[in-house]
Amino acid sequence: MKINISPSAIIESGVEIGENSSIGAFTILRKGTKVGANSEIGSFCEIGTATPLAENPQLVIGENCKLRSRTTIYAGSRIGNNFISGHQVVIRENTLIGDDVRVGTFSDIQGDCKIGNFTRIHSSVHIGKYSKVGSFVWIFPYVVLTNDPLPPSNNLKGVWIQDFAVVAAMSTILPGVIVGFGSLIGAKSLVKQDVPIEVLALGSPARTIKPVQKIRNNVTGLPAYPWFQHYTEGYPNDISLIYAKLRKTFIKDHGQT
Amino acid sequence: MKINISPSAIIESGVEIGENSSIGAFTILRKGTKVGANSEIGSFCEIGTATPLAENPQLVIGENCKLRSRTTIYAGSRIGNNFISGHQVVIRENTLIGDDVRVGTFSDIQGDCKIGNFTRIHSSVHIGKYSKVGSFVWIFPYVVLTNDPLPPSNNLKGVWIQDFAVVAAMSTILPGVIVGFGSLIGAKSLVKQDVPIEVLALGSPARTIKPVQKIRNNVTGLPAYPWFQHYTEGYPNDISLIYAKLRKTFIKDHGQT
Amino acid sequence: MKINISPSAIIESGVEIGENSSIGAFTILRKGTKVGANSEIGSFCEIGTATPLAENPQLVIGENCKLRSRTTIYAGSRIGNNFISGHQVVIRENTLIGDDVRVGTFSDIQGDCKIGNFTRIHSSVHIGKYSKVGSFVWIFPYVVLTNDPLPPSNNLKGVWIQDFAVVAAMSTILPGVIVGFGSLIGAKSLVKQDVPIEVLALGSPARTIKPVQKIRNNVTGLPAYPWFQHYTEGYPNDISLIYAKLRKTFIKDHGQT
Chain A
1 MKINISPSAI IESGVEIGEN SSIGAFTILR KGTKVGANSE IGSFCEIGTA
51 TPLAENPQLV IGENCKLRSR TTIYAGSRIG NNFISGHQVV IRENTLIGDD
101 VRVGTFSDIQ GDCKIGNFTR IHSSVHIGKY SKVGSFVWIF PYVVLTNDPL
151 PPSNNLKGVW IQDFAVVAAM STILPGVIVG FGSLIGAKSL VKQDVPIEVL
201 ALGSPARTIK PVQKIRNNVT GLPAYPWFQH YTEGYPNDIS LIYAKLRKTF
251 IKDHGQT
Chain B
1001 MKINISPSAI IESGVEIGEN SSIGAFTILR KGTKVGANSE IGSFCEIGTA
1051 TPLAENPQLV IGENCKLRSR TTIYAGSRIG NNFISGHQVV IRENTLIGDD
1101 VRVGTFSDIQ GDCKIGNFTR IHSSVHIGKY SKVGSFVWIF PYVVLTNDPL
1151 PPSNNLKGVW IQDFAVVAAM STILPGVIVG FGSLIGAKSL VKQDVPIEVL
1201 ALGSPARTIK PVQKIRNNVT GLPAYPWFQH YTEGYPNDIS LIYAKLRKTF
1251 IKDHGQT
Chain C
2001 MKINISPSAI IESGVEIGEN SSIGAFTILR KGTKVGANSE IGSFCEIGTA
2051 TPLAENPQLV IGENCKLRSR TTIYAGSRIG NNFISGHQVV IRENTLIGDD
2101 VRVGTFSDIQ GDCKIGNFTR IHSSVHIGKY SKVGSFVWIF PYVVLTNDPL
2151 PPSNNLKGVW IQDFAVVAAM STILPGVIVG FGSLIGAKSL VKQDVPIEVL
2201 ALGSPARTIK PVQKIRNNVT GLPAYPWFQH YTEGYPNDIS LIYAKLRKTF
2251 IKDHGQT
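Residue numbers (my numbering), protein chains in the order written: chain A, 1 to 257; chain B, 1001 to 1257; chain C, 2001 to 2257.
For the record, the hints were derived by calculation from the structure and aren't laboratory data. Given the structure is predicted, the values throughout are model-derived calculations rather than measurements. All C-beta atoms, glycine included, are put in the ideal place defined by N, C-alpha and C. You may find that some hints are simply not true.
Stated by the list, open to error - Heads up, incomplete: computed chain B residues facing chain C, CB under 8 Å, no partners named:
#1 Gln1088
#2 Ala1187
#3 Tyr1235
#4 Asp1238
Isolated chain A (complex conformation) (with noise of 0.2 Å):
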């Protein structure tokens, strides 16, 4: 078991890397950084960035993790196993990401922020600072989550978007505002109002149309939402009674809106 680094990399003193990973050609890990076995860092990417702002000096990524090309993580955050990050993607300090989770290209989270697991966050999402995203959530492409009532300010909201929602491309989502569980949030919709569980929401502003679990495949006539019934690529094998139960705690903690 050994680690491959490429000879143009730059390792900076102190840092740990585990077995059978792989760091490419121009890639600099700065000092703090410990990544975990079996992952592979891509070229360009520059991982464990200072800022006066990280609580922690230190970087954490998982095992099994995939960091395409020019990757950017700053110091102070902490990524579980089975990461992947698309190209170019900034990830800022103090952001807590789970396991199995996905952030494609150009995506930019800003720091203070909390992500699930299994979370997919697709191209050129933006991630305001001190939003929450729940476990088993998707954000499509040119989705804003803001978080500055009165810009500018100091008094920053961060989102809130709760565990297996899905948000469509080009949808800006406003400060403070909660997308409920299980919802489905329309193409290009601007979210002003909390959204509640289970329901599809869209436009501008968005108004709730109807539970997901009225929209019907209009192939197979099947019910679509919860998505995992037509969608389980890489996913455990119990996702739906992750679902249940998740979705049970939810309702116990929070309500239904």
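Chain A is fixed; fit chains B and C onto it per the hints.
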């Protein structure tokens, strides 16, 4: 006729570079890459990135191309002559791009796409997987071509932007939608339904407003579309004949809607 | 006072670097570049990129600047003191930027633009060619300043964002439009017509809602605009006097609409 390769560039074995071409500093050419003559590849590019999704391990880039810094192009694609990319452009696998195409800074072509000749894609455009973009097309900044009717799913349906169509900034085209030959989509539109040929459509959802021929240049008073009546920079001299010919074929094959 | 240049950086002949400045790993400074004292240029930058479009072959960057990794700045531009860029920022030729300006990650300034002092452009903002952005302006993520009234054409008309104006996330400003002094454009607006001074405008198309002075902070109950009443971080102590003075000049020169 010599080839000019920066001493810091990394050229893997089996790469072919045409006469008179140049490779910038810190640029990586992966095996299987073939670059035509008189082409200029800027700094920090990664060209020929391997992926198991590539239908073949080759990447062919034509003659007289200019790839700006930090361009990423995957294996399995084929790009014609006179191609120009902006900075940080990403083009994934199995994408066929014709001659004389330009793709601007921060644009992302997600793979399995087809783009014709003389098409110009501006900055920060998202071309979803399976998109089909014709010839002489213009796509302006922050346009998103989506592909998933029931997100997330595996049943992706690419958009088709037909020849000579223009999509103005910040518009979103929903999955499987066809934007008609020579049509113009106004800025910030949400296009949910097919747009017929040679019309102006705009709004959320986009509606057909009028034939493009009725749009006038309010300075000259002359008809402004088809657009080559007022803009011909870099196009063949006989662009109006090409238009007439392609239009005829289109109507024969697809009708006027 | 020494200059700290990474051994992997490429500094072309005739580059001038001020005292106490640092140049990051794998960064390229092209000839004609002049960097002021106490400035920090991160990794993977390309600074002073040549282009035939540059009106002059020089690039001047002021003192005490911080360019984050992968910043690209073309020859022919001039950037003041205390400038900060995010990652992957692109600034093209013939652009004049004042002092104390910040431009966020993935923002793209397309060239021939003018930006005043103390202006903050957030992430993923597209500043089209010929845009004019005043002083003390705020532009939030995914805002697009367009420039082509009859796309594609050569008759480009830049947008003008006047001093102290704020443009919230995901708004699109149409070609030639003026956003008035101290005004606020709501998120996800499409601004088709000039916006008068000191008003809130929003929607698609944007309409004037009320004077900004009537927007209240719903926590404190105090007026929230002009915004420096609640946000002053990094601004001169006499910002309210500057506002009053610039406002007076503006009204004298341009009237209130």
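>> Less than 8 Å between beta-carbons is the criterion; does Asp1238 (chain B) satisfy it with respect to chain C?
In response: 18 Å, violated
> Is the shortest C-beta separation between Ala1187 (chain B) and chain C less than 8 Å?
Replying inline: 6 Å, holds
> Hey, does the Gln1088 (chain B) contact hint survive, CB to chain C under 8 Å?
Replying inline: 6 Å, holds
>> The hint names Tyr1235 (chain B) as touching chain C; please verify it with the least Cβ-Cβ distance against 8 Å.
In response: This interface hint is violated because 10 Å lies over the 8 Å limit.
In summary, the structure is inconsistent with hints 3, 4 from the numbered list given earlier, while agreeing with the others.
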